[in-house]
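Going down the list, the sequences are from chains A and B. Sequential numbering of the first sequence, starting at 1, is according to full-length UniProt numbering. Sequential numbering of the second sequence, starting at 1, is according to full-length UniProt numbering.
Please note: incorrect hints may appear among the correct ones.
Below, in silico cross-link-like pairs of lysine-lysine (DSS-like), each with a Cα-Cα straight-line distance of 25 Å or less [claimed, not checked]:
(1) B:K91 with A:K171
(2) B:K170 with A:K171
(3) B:K91 with B:K104
(4) B:K182 with B:K172
(5) B:K182 with B:K204
(6) A:K171 with B:K21
(7) B:K172 with A:K107
(8) A:K201 with A:K107
(9) B:K182 with B:K170
(10) B:K204 with A:K185
(11) A:K185 with A:K201
(12) B:K91 with A:K185
(13) A:K221 with A:K67
(14) B:K204 with A:K67
(15) A:K171 with A:K185
(16) A:K107 with A:K22
(17) B:K172 with B:K204
(18) A:K107 with B:K16
None of these hints come from the bench; they were simulated from the model.
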Amino acid sequence: MNHQQTDNQRFEQYKKQAKKEKRSILMWQVIIFIAFFSIWEIISRLHWIDPLIFSSPTNIVQLLVDKMVDQTIFIHLQVTVLETIIGFLLGTILGILLASLLWWSPKLSRISDPYLVILNAMPKVALGPIIIVALGPGYASIIAMGAFISIIITTIVVYTAFQNVDENYLKVLASFGASRYQSFKEAVLPASFTTIISTFKVNVGLSWVGVIVGEFLVSQKGLGYLIIYGFQVFDFTLVLASLLLIAICAAIMYQLVERLERRLMN
Amino acid sequence: MAFLSIDNVSHQYFTKMNYTKALQSISLSVEEGQFISFIGPSGCGKSTLLSIIAGIITPTEGSVRVNNTTVQRPSVSIGYMLQQDYLFPWKTIVDNVLLGPHIKGTLTNGLQQLAIQSLTEIGLEDVLHAYPSQLSGGMRQRAALVRTLMTDPHILLLDEPFSALDYQTKLKLEDLVSNTLKQFNKTSILVTHDIGEAIAMSDKIYLFSASPGSVFSSFHVPENLQQLTPFEARQHHDFPALFQHIWEELNSLESSTNR
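Next up, chain A with everything else stripped away, as it sits in the complex:
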């Protein structure tokens, strides 16, 4: 009886401690957030930093509110988010398909090995001008950049996962006379599931890079366009506002992918 009581007390104490720890972490996160923006605001108003270059949080929020009222921001937001989603999906799906093809044909995999290494090592955004010339100065080029930036690394990572599947699962399937397609469907693909999901998370970030750089190079709409436009007319409030929107959208997409991961894992 006595033991039970002290055990329960200890458990209560442990729970209280854990809760306190969690609250303290949240508190520090909020403090850093508030401190960062208030210091920025204050030193901007005191002209310790040049407000023309570094703007201020209130100016940025004011600009965003204005652009939401006249609804001009939504078209830019929509264009960039759509380009990123399509680029992400294309890059990921094509990467997985390519990896499957390489698994299917070991000979093809060995032949393409040096080319994959070079393509992977090359900075993909450097191909931007060529992609734009090839596909024309439009959405297609920007989506292609969003896709191309993640396709090779996805292929390599997923193909490696396919290769690392325990041979003995394939042996079990072989003993039942499974075809290569059945081996792929029953063992190779499900065993590599964790890796495939983790490439989703990486590719979300990569697609944003590809799309924003694409918009820098050629576009009439989009958040990347707004950044370049703001830079050219020296409106850094616009540059920073676009940056803020990109950060928010990228974080939301990452969270969605993470939630998808958790659902698929269970």
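Model the placement of chain B on the given structure of chain A, informed by the hints.
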């Protein structure tokens, strides 16, 4: 004509630098319903020979015939049990057990019922829809046994199926596997490192020597030991003598290769 006959089988593995001879002129035959064991030092090609019998590997020389038909590719008439259970972690126990029919495209309601019935008989009725990670090693290996028997193979190949288990579970499973296989009159080949296990379970034991793998000698297990369950056989007074005999052969084999 024997049920399973291995005819002058040799096999080589090739690497970039050179090649190794894994098996050298193996010839032996097994009668229907017989239980035989392969023992020998590691690297003596026992597992390679099993893969050849299963049709997963094609030997560089010689042939394997089951019921007078040459084995050329894996078929459901030969079941294969590996060192570990290799149940698929993303499939439930029932789905794992039904993997063979699923691959063959012969899955029926009747087979599903049979799978549930077999799992119940083997004591796994509570975990039919659980995932392998929720089961103990012994339970998993029992499920793997049901999976292997599900396609109703004529020959069972057991590649050290008990080596990853603790001793108590191993003894229990030996009895279970032995009884099950006798009940269905299956022809079985067991690969093991454990001399005691080989004596307790089989009718005939082949001792392999290594590099290249070849049959060094063979032993008949006495009739009276064959009749007993593996656990009883281990207690029998004829058991230690045979154990001693094989032990000495195995030692002489090692000293002759070391010289």
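Okay, the hints, checked on the actual structure:
no.	hint	in the structure
1	B:K91 with A:K171	holds, 17 Å
2	B:K170 with A:K171	holds, 23 Å
3	B:K91 with B:K104	holds, 17 Å
4	B:K182 with B:K172	holds, 16 Å
5	B:K182 with B:K204	holds, 15 Å
6	A:K171 with B:K21	holds, 22 Å
7	B:K172 with A:K107	violated, 47 Å
8	A:K201 with A:K107	violated, 30 Å
9	B:K182 with B:K170	holds, 18 Å
10	B:K204 with A:K185	violated, 40 Å
11	A:K185 with A:K201	holds, 23 Å
12	B:K91 with A:K185	holds, 13 Å
13	A:K221 with A:K67	holds, 14 Å
14	B:K204 with A:K67	violated, 87 Å
15	A:K171 with A:K185	holds, 14 Å
16	A:K107 with A:K22	violated, 53 Å
17	B:K172 with B:K204	holds, 21 Å
18	A:K107 with B:K16	holds, 16 Å
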